[in-house]
Each structure stands twice: as C-alpha cells, then as structure tokens.
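Asks: Now for the letters of each chain:
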Amino acid sequence: MSALFTGWTGAFLLSALTLAVAMTFVAYLTWIERKVAARMQNRIGPYEVGVPHGWLQPLADVAKLLVKEDITPREADRLLYNAGPILVVVPALIGFAFLPLARGLAIADHAYSFLFFIAFASLTLLGIFAAGWSSNNKYALLSALRMAAMAVSYEIPLILSLLVPVVLAGSFRLSDVVEAQRPLWFLFYPLVGQLSFAIFLVCALAEGNKSPLDILEAESELIAAYNVEYSGIKFALFYAGEYAHTLAICGLAATVFLGGYLGPPFLPGPVWLVLKCLALFLVILWIRWSLMRLRIDQAIRLNWMILLPASLVNLMIAAWWVAGS
Amino acid sequence: MARLGTIVAGTLKTMGWTLRNVFRPATTVPYPRRKRAIPKIWRAGSFALTFDPATGEENCIGCRLCEYACPSEIIAVTLRKGEARTNGIGATYCDKFTLDFQACMQCELCIQVCPTDAIVMTRALSPPAMTRDALFLSKERLMANGRAIVASPELSSHATGTRLREWTDATRGLPKADAEPSP
Numbered sequence: 021m022s023a024l025f026t027g028w029t030g031a032f033l034l035s036a037l038t039l040a041v042a043m044t045f046v047a048y049l050t051w052i053e054r055k056v057a058a059r060m061q062n063r064i065g066p067y068e069v070g071v072p073h074g075w076l077q078p079l080a081d082v083a084k085l086l087v088k089e090d091i092t093p094r095e096a097d098r099l100l101y102n103a104g105p106i107l108v109v110v111p112a113l114i115g116f117a118f119l120p121l122a123r124g125l126a127i128a129d130h131a132y133s134f135l136f137f138i139a140f141a142s143l144t145l146l147g148i149f150a151a152g153w154s155s156n157n158k159y160a161l162l163s164a165l166r167m168a169a170m171a172v173s174y175e176i177p178l179i180l181s182l183l184v185p186v187v188l189a190g191s192f193r194l195s196d197v198v199e200a201q202r203p204l205w206f207l208f209y210p211l212v213g214q215l216s217f218a219i220f221l222v223c224a225l226a227e228g229n230k231s232p233l234d235i236l237e238a239e240s241e242l243i244a245a246y247n248v249e250y251s252g253i254k255f256a257l258f259y260a261g262e263y264a265h266t267l268a269i270c271g272l273a274a275t276v277f278l279g280g281y282l283g284p285p286f287l288p289g290p291v292w293l294v295l296k297c298l299a300l301f302l303v304i305l306w307i308r309w310s311l312m313r314l315r316i317d318q319a320i321r322l323n324w325m326i327l328l329p330a331s332l333v334n335l336m337i338a339a340w341w342v343a344g345s
Numbered sequence: 013m014a015r016l017g018t019i020v021a022g023t024l025k026t027m028g029w030t031l032r033n034v035f036r037p038a039t040t041v042p043y044p045r046r047k048r049a050i051p052k053i054w055r056a057g058s059f060a061l062t063f064d065p066a067t068g069e070e071n072c073i074g075c076r077l078c079e080y081a082c083p084s085e086i087i088a089v090t091l092r093k094g095e096a097r098t099n100g101i102g103a104t105y106c107d108k109f110t111l112d113f114q115a116c117m118q119c120e121l122c123i124q125v126c127p128t129d130a131i132v133m134t135r136a137l138s139p140p141a142m143t144r145d146a147l148f149l150s151k152e153r154l155m156a157n158g159r160a161i162v163a164s165p166e167l168s169s170h171a172t173g174t175r176l177r178e179w180t181d182a183t184r185g186l187p188k189a190d191a192e193p194s195p
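As given, the protein sequences belong to chains A and B, one line each in that order. For this note's numbering, count along the first sequence from 1 and bump the result up by 20. For this note's numbering, count along the second sequence from 1 and bump the result up by 12.
Worth flagging that the hints you see were computed from the coordinates, not collected in a lab. If you're wondering where the values come from, they're calculated on a predicted model, not measured in any experiment.
Just a sample of chain B residues kept apart from chain A, beta carbon distances all over 10 Å, derived: (1) Ala14; (2) Lys93; (3) Ile101; (4) Ala141; (5) Leu167.
The following residues of chain A were derived to be distant from chain B, with all beta-carbon distances above 12 Å: (6) Leu33; (7) Ala40; (8) Val41; (9) Met43; (10) Thr92; (11) Leu135; (12) Asp196; (13) Pro203; (14) Ala339; (15) Trp341.
In silico DMTMM-like cross-links for lysine to aspartate or glutamate, where the CA-CA straight-line distance does not exceed 25 Å: (16) B/Lys93 x B/Glu79; (17) B/Lys47 x A/Glu68; (18) B/Lys93 x B/Asp107; (19) A/Lys158 x A/Asp234; (20) B/Lys25 x A/Glu53; (21) B/Lys25 x A/Asp234; (22) B/Lys52 x B/Glu166; (23) A/Lys230 x A/Glu241; (24) B/Lys151 x B/Asp64.
In this text, a Cβ means the ideal position worked out from N, Cα and C, and glycines have one as well.
So here's chain A without its partners, still in its complex pose (with noise of 0.2 Å):
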C-alpha cells in the first residue's frame, strides 16, 4: 500500500485522500455530535433529512449556509475580516499531514512532525484572534482577548503532557513514538500515562472551545464568539475548522497515546488510527455535554494552579523514569 504513496504524486494523491476523509469527517462529527447531545438530553436530534436518522442533515447544513447571505460589517477591518475562517481552517487542516497513517505511511514523516503538529494546531488562534478584532464587535473582541488568555495559559499544559509520550518514545518524529508504542500504549504506561492523558483531555476542551472550558463562547455572556458578524459560507467555515481542530487534537492523542494506527490485524492502520479519533471525540462529547461552564477566572485558575505544576511533575517523572532505566 505505501509503494502508491511514493513521490510527489503520491504525496498530492494521499494529501487529497486525507483531506476528503478529514473534511467528510468534520462534516458528519457535526451530525454525531448533535445526535449524542441529543440522545445525552432524552432527545432525538436531527431524524427529518435523510431517512435512517437524518444522516443527510450535514449536506442539508452546508447547502443551508452556502446560499445564505453573507453579511460583511461597514466598518469591519475587511483583509483580517475575510482571513479568518481562512486562517483557522487550513492550519487545522495542515495538521492531518504529520499523522502518520500506517506503517511508513505520512504525508509529512519529517524528524520534528511532533513540533510542526503543535505549531499549525496553535496557529487557528491567530485566525480566530484575526475575526474577533476584525468584526469591530466588542463581544468578538472580547470573545478573541478571552481565547488568547485561555491559549497562552492552556498550551503549556497541553505541550507538557503531549511530550511526556514524545520523552518515552525518545523522538519528536510521530511515527517512532507510534511505533515505540508496539508493546505498550503510552496511556497504560504507570501514573505518567494516565496523568498526562487526563491533562490533556482537560486542554483539549479548552482548546477546541468545549464546555466546560468553552469561556471564549459563553453564549450567556458574549452572545456567540468571536464569529458573531460572520454568517454564510464563513460562518460554515469557522465551524469546520472548530471540528477539524477538534479531530486533529483527537488524532494527535491516538497517536501519541493510543498507538495511532496500531492495533489487532484484522483491520488496516489508518481505520485504527480513525477509529480511536472517534472514541476520543465521544469522550469529548460526553464531557462537553454534561458540564457546566467555568467562569473565566475559574477556568485560568484550573490551569495554573492545577494542571501547570501536574503537567510539569509528571514531565519530570517521566523524563526521570526514562533516563533511569
């Protein structure tokens, strides 16, 4: 299978596969998301378009948000304006490249893919930081000030537990910390394993803005977020690159956690390495949809004073657990 992938028509073809899987994924998670809130509430969800259950609801959507009008402010800032859904879906995007999706099998299998993954998933701020201080809305830019305090303080936790695998495994390359894995997943690994994946998980929520670390969309306070003025196919946007970050995150921690594309032979790599994004984006899901959310001095504090110090013990346990043995 990775003989088809080989050069630079390979690459073009695995990046084009990769992205239609990843985009038609980002459009169902939407549809799974809303059916598991709903049946989460004693609902049923979306059951009208599409006849087992709604499943075309998702084309419905994006057919829905193609034709609606698409308002831009007198007063926006209009390049920043018209950058932002740009910005915060393509990098979200970029980072399927550096999952490696089977043996010998990534789009981007470079020695530091761990870092460059960290890097484009951070860059979705400057785009979402871009809409709100565009829109010339002051609860868009509130909403943008608010994500930029949750990143700058929910990152450093989140690298801190994602590189504790990365110390294990003893390379930033991803598919050396897959395969590092092959007797063990990282998650099982004693105490550091499951700490730094229940840290992690908490990250997650705050970087994907889910409740209940969702402060930069705290509807109650900030009507909607930062994406407030937006509306039609931008709107769609910024909500696809909010999914598609949320399954890059999820398909960072399958890989650095679950053993990626690991798993019993009867099915292949990558429909693993799917498979464990899903589980973890119900895991997502189930939190999101039974908590509250924290206030915004709650949630920093969560972070600095709890999840910072953790983050960073565990780092060194791990760091002292490898250079001991």
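Got chain A; can you put chain B on it based on the hints?
Replies: Below, chain B without anything else, positioned relative to chain A:
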C-alpha cells in the same frame, strides 16, 4: 482538597447520568407521524358552539359574557331576538359569533363564564392552518365543530361552565377555601 473531592464526585455523577440517558429511550415523539394520547383534561383544541341534540336548538343566548371576559378581546357577539326555545332557556340568540383564534391564549375564561355551556373547547390538538383566514372562527365554523362533538363525544371539552361551577361549589363536598386547618 475536600472541595476537590466534591468536584470530582459531582463531575463523575453528572457524566454517569448523561451516559445513562444515552441508553434510555428518547421521550421525543415525531409529531405528525405519531401522536401522543391527549390527556383527559386537555384544553388547547379549537372552539365549538353547542346545541341541544334533542331539539337542534342553539345554546348560545347572545349574552356577550364571553366577549367581556376575553382578555385578548377576540370574541365578538351580536344579539338577536327570536322565537322562544322549547327547552326553556330563553328567546335570545347570537346573530354573529366570531372568534379570532390567532390571538387566543387558551385561558378558557369564555367557557367558564358561559351560563348555558354554549361555547366549549374541543379536546383535540390545535389545528394547523396555512392562512390567517383558516384561524378565524365564524359562527358557521363553530357550529360545525359543535356538530362534530355530538358525532364523536371524545372530542368534548373537559370543563364547561356548569361543571366548573359544580366543582367549585362547596356544598357539593369539596373543602371550603377558608376551612379550619386540622391541628
């Protein structure tokens, strides 16, 4: 630290409940295809003007009490004098009786004040309408609803003015409002 324990326990409890909900049947009813059984005391259907099934005479005496009672001011009645009824409830009738259902808030006050139980609510789901005109209940439409009630008695309203007066009448066995509290 004790508070941390509470937080963790509460979080797990909440998540346990949401997980339990996922495996319980949903309470949603896909409405137009499947309808819930209408409760006995339902009162959000349409309106009807009743008549005496034995003689076919209208019950409305055109007293306009419903018009005065209506908070939304959507009922309009005009009085007409006619021949005396054989069942002895007078010789006045309503000439025009209109009820604009668009603004009705289902308070049932018109039914409670009616001395002859002439106007009642039907025990059915509120009819959807595609035009405003379809929600404008003229006397003809109200009488047609009344004939429908006679044809199918399960449509009849739970509370009529007479029945309500019976229930709230202390002499018929219900406790008085100012009854002495038991020690």
